[in-house]
Every structure is written in C-alpha cells, then in structure tokens.
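**Q** Since the structure of chain A is provided, determine the placement of chain B on it from the hints.
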Amino acid sequence: MLIPTTKGLMDEAMLVKKTGGVDDENEHTTWVEYWLDGEPKPVHRSVHVTLKKNINAEPIVGGF
Amino acid sequence: MCTSFKTEILNGIHALGTSVVRGATTPDSFKAALYLASATMNATATVYTATGEVSGTGYTAGGVDLTGTPDWITPAASGTTAYTTPTASIVFTTVTLTTAFDAVLIYNATQGNKAVSVHTFGSQTITAGTFTLTMPTNDASTGLLRIA
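Top line first, the protein sequences correspond to chains A and B.
For what it's worth, our numbering labels the leading residue of the first sequence as 1, then goes sequentially.
For what it's worth, our numbering labels the leading residue of the second sequence as 1, then goes sequentially.
In case anyone wonders, no lab produced these hints; they're calculated from the structure.
Bear in mind the structure is a predicted one, so any value in this text is a computation, not a measurement.
Honestly, I wouldn't trust all of these hints.
What the hints assert, rightly or not - Restraint-style ranges between C-beta atoms, simulated for each label pair: (1) B:Met1 x A:Lys7: 37 to 45 angstroms; (2) B:Ala148 x A:His28: 36 to 44 angstroms; (3) A:Thr30 x B:Thr87: 19 to 27 angstroms; (4) A:Asp11 x B:Ala148: 48 to 56 angstroms; (5) A:Asp23 x B:Thr18: 42 to 50 angstroms; (6) A:Ala13 x B:Val21: 38 to 46 angstroms; (7) B:Thr69 x A:Gly38: 41 to 49 angstroms; (8) A:Ala13 x B:Phe5: 55 to 63 angstroms.
What the hints assert, rightly or not - Straight-line Cα separation of at most 30 angstroms, BS3-like style, residue types lysine-lysine; simulated pairs: (9) B:Lys6 x B:Lys114; (10) A:Lys53 x A:Lys7; (11) A:Lys41 x A:Lys17; (12) A:Lys41 x A:Lys18; (13) B:Lys114 x A:Lys18; (14) B:Lys6 x A:Lys18; (15) A:Lys52 x B:Lys114; (16) A:Lys7 x B:Lys114; (17) A:Lys52 x A:Lys7; (18) A:Lys17 x B:Lys114; (19) A:Lys52 x A:Lys17; (20) A:Lys7 x A:Lys18; (21) A:Lys53 x B:Lys6; (22) B:Lys31 x B:Lys6; (23) A:Lys17 x A:Lys7; (24) A:Lys7 x A:Lys41; (25) B:Lys114 x B:Lys31.
What the hints assert, rightly or not - Non-contacting residues of chain B with respect to chain A, defined by C-beta distances greater than 10 angstroms in every case (computed): (26) Glu8; (27) Asn11; (28) Ala77; (29) Gly122.
Each residue gets a CB set at the ideal place from its N, CA and C atoms; glycine is no exception.
Chain B on its own, in the form it takes in the complex:
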C-alpha cells in the first residue's frame, strides 16, 4: 500500500466504497464521550450511543467537542505509517461523575456521529473536579490514529 494513500485516507481523499456528499473541503467536527466501566465500549462501536455513557452534574450527553483548530493535527506519515492525533487535550470541566468510567469514544459529529476510535484507561471517578485527557506524542509510534 502506498504511504501517501494512507495519509490521504485520513484526509478523506479516497472513497473505495459508497461515500458521502461533502459540502466543503474543511475538516469534520469531532466529539468525545465518556463511558462507564460497566459498559461495552470497544473497537466494535460504529456510532455514538448514549447507552453506557456517563451521566452526572456538569456532563452533557454526547460529551465535549474536540477543541483544537483544527480538531486533528494535519495527518502525516513517517516511514510507512500515516498518523494523526487530536490537536488539544480533551477536558471535562467541573463535573461530578460518581460511577466509575474507563473509556472515551471519539466520534465524527459531522458525519452522523460515526465512531472513530475508543481509548481505555484506568477506572476513574470525578467529584466537583476536572477530567483531562492529554494526547500522546503525535508520531508514527504513538499517534492516536495510525495506519501502518
């Protein structure tokens, strides 16, 4: 597979199957939602769902917008791996989430809330506090999305 093709997949250039009509060439908008440790949230997810999502004071169903400009660092390639990572940390400010959660779903709010990726971490609760999810280094070995 051509490395340039991998990067272009991340940029939405190729449509090998049925695609969507795009109104603009600008990047889509993405969101992040948190899921309970008791929920089933993994790579089989296809679309955002409220089932198993956390709830609590200060948390809005659907989660938060990715706040970078743009949401993702411009896709790039190193060696034969294409990669990208959200531009900014994902922050849930002043929330109370008393039931343990351990996963975040990143999804495409522009394209019908289609799932992008699921990331897990140690089970957490938040009390009148802030939950911050900082991204890994954006490179071919740790970037959040990689096509090797």
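Next up, chain A with everything else stripped away, as it sits in the complex:
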C-alpha cells in the first residue's frame, strides 16, 4: 500500500508504523504515524477523532 508522506508516496513496507490513541469522556481518538529511518519526525501522521458529546453544551431551561 502506498502511503502519502512528506517525501511523496512511499511503499508502506519501507516505513515503520506506529499507532496510538486516547479514549475519555470527550473523545475517542486514534492516530497512525509512519516513520522513515533517519528522519527526526514522522513522515506521515493521520488522526481520527470521534466526538462523544458536546462538552460546551449549555442547557437552556425555561420557567417562571
């Protein structure tokens, strides 16, 4: 599989894949990085965030 990277499209076999994520009450997040030997930073990083709720929601309550 070809991976888009800062060096252009590269074969996945040439790269080291790292994955991780976080899961809390606000979000479920996964990320995938591809590293190229000798490079100080990943040459590819994608992130998928699934929002679980709107933590900024302010309930509107009407009453007398």
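**A** Only chain B this time, still in chain A's reference frame:
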C-alpha cells in the same frame, strides 16, 4: 418551554428578535474551521475568524464545507430535549498542520459566517495525512447541538 419550540428554533421557524430575510426555505450551508491550541476559541465566538486558525499545506482558510445532504440531520426531539448533529464526518484530506490544534468551529456560511458551536479535543498535528472528525450519536444526550 414547549419542546416543539426548541425543535423549531433549530429549524429557524421563530424570530424573537431581529432576524434575517431568507431567500428560500432550504437549510443554510455550514463550514468547519480548525484552531490552534494556542488560540482562544470557545463559546464566546460570534463569527468565523482567521485569527488563530491553523494554516498549512492542503488547508484552505475558512476550513471545509459540511458535506452531508443536508448538512445537519433533521432536528428532532426526545423527551424535552431538541437535538441535531452534522450528517457526515468532517474531513480534512491530505493536509500538513505542524502547529498543534485542538478545536473546531462550526459556522453558518450562509448567514455571514456566524458561529454555531466550538468543539475541543486533544491537541493534534497532521503530517501529509488526513484529519477526520466523526460525529457523536445523534440523540438527546450526545447530539452535537442540544436544547434541553
């Protein structure tokens, strides 16, 4: 407050103050923009701003359109809570955003870019990759917009 009224607010039926002239009954068009972790982007936002917005390869100022048809799931109510959620995930494809960002502003591109909501998440960067924001379950407890 009547529950039907809450749903109708989301549908733009009522104008308790000065409203706008609408040319059609169709839903407005909405966009989503990303903001740096160092920026101040929160519920005090009133309109889209480029200040504090991310920049980088593949990212266009102003962000992306909500791509659902329509942009939002038809507003509904359960119990006494009205709610709705964008129809589709928000996707920024093949971008490089090297400065950490942690917020998305959803705004109404039809109505002068007026702010709708701000949602935060853990700080992220993207390198020659895709940032996907998937919506929560559209119901009265997790829907992205809720009037309780």
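**Q** Could you grab the alpha-carbon distance between lysine 7 of chain A and lysine 18 of chain A and see if it respects the 30 angstroms cut-off?
**A** holds, 18 angstroms
**Q** Given the hint that lysine 53 of chain A pairs with lysine 7 of chain A, test it: the Cα-Cα distance must not exceed 30 angstroms.
**A** With a Cα-Cα distance of about 37 angstroms, the restraint between lysine 53 of chain A and lysine 7 of chain A is violated, given a limit of 30 angstroms.
**Q** Taking only the CA atoms, is the gap from lysine 31 of chain B to lysine 6 of chain B under or equal to 30 angstroms?
**A** holds, 23 angstroms
**Q** Hey, is glutamate 8 of chain B genuinely clear of chain A, shortest beta carbon separation above 10 angstroms?
**A** Glutamate 8 of chain B clear of chain A: closest Cβ-Cβ about 14 angstroms, beyond 10 angstroms.
**Q** Methionine 1 of chain B and lysine 7 of chain A, beta-carbon distance inside 37 to 45 angstroms?
**A** violated, 57 angstroms
**Q** Take the C-alpha atoms of lysine 7 of chain A and lysine 114 of chain B, compute the straight-line distance between them, and say whether it is at most 30 angstroms.
**A** violated, 39 angstroms
**Q** Next pair to validate is lysine 41 of chain A with lysine 18 of chain A; report whether the Cα-Cα distance is within 30 angstroms.
**A** holds, 12 angstroms
**Q** So if I understand the rule, the pair passes when the alpha-carbon distance is 30 angstroms or less; does lysine 114 of chain B with lysine 31 of chain B pass?
**A** Roughly 10 angstroms separates the two Cα atoms, so the pair holds.
**Q** Given the proposed pairing of lysine 41 of chain A with lysine 17 of chain A, does the C-alpha separation stay at or below 30 angstroms?
**A** holds, 13 angstroms
**Q** Against the 30 angstroms threshold, does the CA-CA distance of lysine 6 of chain B and lysine 114 of chain B hold or violate the hint?
**A** Holds, at about 20 angstroms.
**Q** Should the hint that alanine 13 of chain A and valine 21 of chain B are 38 to 46 angstroms apart at their CB atoms be regarded as holding?
**A** Since the Cβ atoms of alanine 13 of chain A and valine 21 of chain B sit about 59 angstroms apart, the hinted range of 38 to 46 angstroms is violated.
**Q** Within 30 angstroms, alpha carbon to alpha carbon, are lysine 52 of chain A and lysine 114 of chain B?
**A** holds, 24 angstroms
Of the numbered hints given earlier, the model fails hints 1, 2, 6, 10, 13, 14, 16, 17, 18, 29; all others are met.
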